[in-house]
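Construct the entire structure; sequences and hints are all you get.
Everything in the sequence shown is counted per our numbering, starting at 5 for the first residue and increasing by one.
Rather than coming from a laboratory, the hints here were simulated on the basis of the structure.
Using N, Cα and C, we set each Cβ at its ideal position, and we do this for glycine too.
Some hints could be false.
Taking CB as the label site, the calculated pair distances span [claimed, not checked]: (1) L47 to A122: 18 to 24 angstroms; (2) S85 to L47: 36 to 42 angstroms; (3) S98 to A41: 44 to 50 angstroms; (4) Y35 to L109: 18 to 24 angstroms; (5) G27 to Q90: 25 to 31 angstroms; (6) S85 to T12: 39 to 45 angstroms; (7) G56 to G27: 43 to 49 angstroms; (8) E36 to E102: 30 to 36 angstroms; (9) S98 to V9: 50 to 56 angstroms; (10) V55 to A115: 47 to 53 angstroms; (11) A41 to E94: 55 to 61 angstroms.
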Amino acid sequence: MVRRVIHTLVDDLDGERADESLGFEVDGVRYEIDLSAANAQRLRDALAPFVGAARRVGRGPVAGGGRGRTYRPERDSRRVSRARNQAIREWGQSLGLEVSARGRLSRELVARYHASAAAD
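Now the structure itself:
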């Protein structure tokens, strides 16, 4: 018995055939979307002014088969990580939350911080 499985990418915007998967990150949340060539170009065009003004932190590996790219940011430099963690600690303490002075921050605290920043 022969089994044939066909995987088809479907454009997440319009439901038509997709040509690639694009990954991106906003506010510490990673996203991936399947798009046709036309919609992928629309996304790239919309992001172009922001990409042009942004600092490059690295490039993720090419996704399976080279059909699309998945963005995976490099780890922050230690200085950026320390400053970010200090800001999260101060934010949590200002709300009266229990926040350790040293060590790893809880995922819950970091998630609440990012959700608060996104809401502002």
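These are the hints, each one checked on the structure:
1. L47 to A122: 18 to 24 angstroms: 20 angstroms Cβ-Cβ, so the 18 to 24 angstroms window holds.
2. S85 to L47: 36 to 42 angstroms: violated (29 angstroms)
3. S98 to A41: 44 to 50 angstroms: The hinted range 44 to 50 angstroms holds for S98 and A41, with Cβ atoms some 47 angstroms apart.
4. Y35 to L109: 18 to 24 angstroms: Holds, at about 23 angstroms.
5. G27 to Q90: 25 to 31 angstroms: Given about 29 angstroms between the Cβ atoms, the range holds.
6. S85 to T12: 39 to 45 angstroms: Once the Cβ atoms are compared, 40 angstroms apart, the range 39 to 45 angstroms for T12 and S85 holds.
7. G56 to G27: 43 to 49 angstroms: violated (19 angstroms)
8. E36 to E102: 30 to 36 angstroms: Since the Cβ atoms of E36 and E102 sit about 35 angstroms apart, the hinted range of 30 to 36 angstroms holds.
9. S98 to V9: 50 to 56 angstroms: Because 53 angstroms falls inside the window, the suggested range holds.
10. V55 to A115: 47 to 53 angstroms: With Cβ atoms ~26 angstroms apart, the hint is violated.
11. A41 to E94: 55 to 61 angstroms: The hint (55 to 61 angstroms, Cβ to Cβ) is violated, given that A41 and E94 are roughly 45 angstroms apart.
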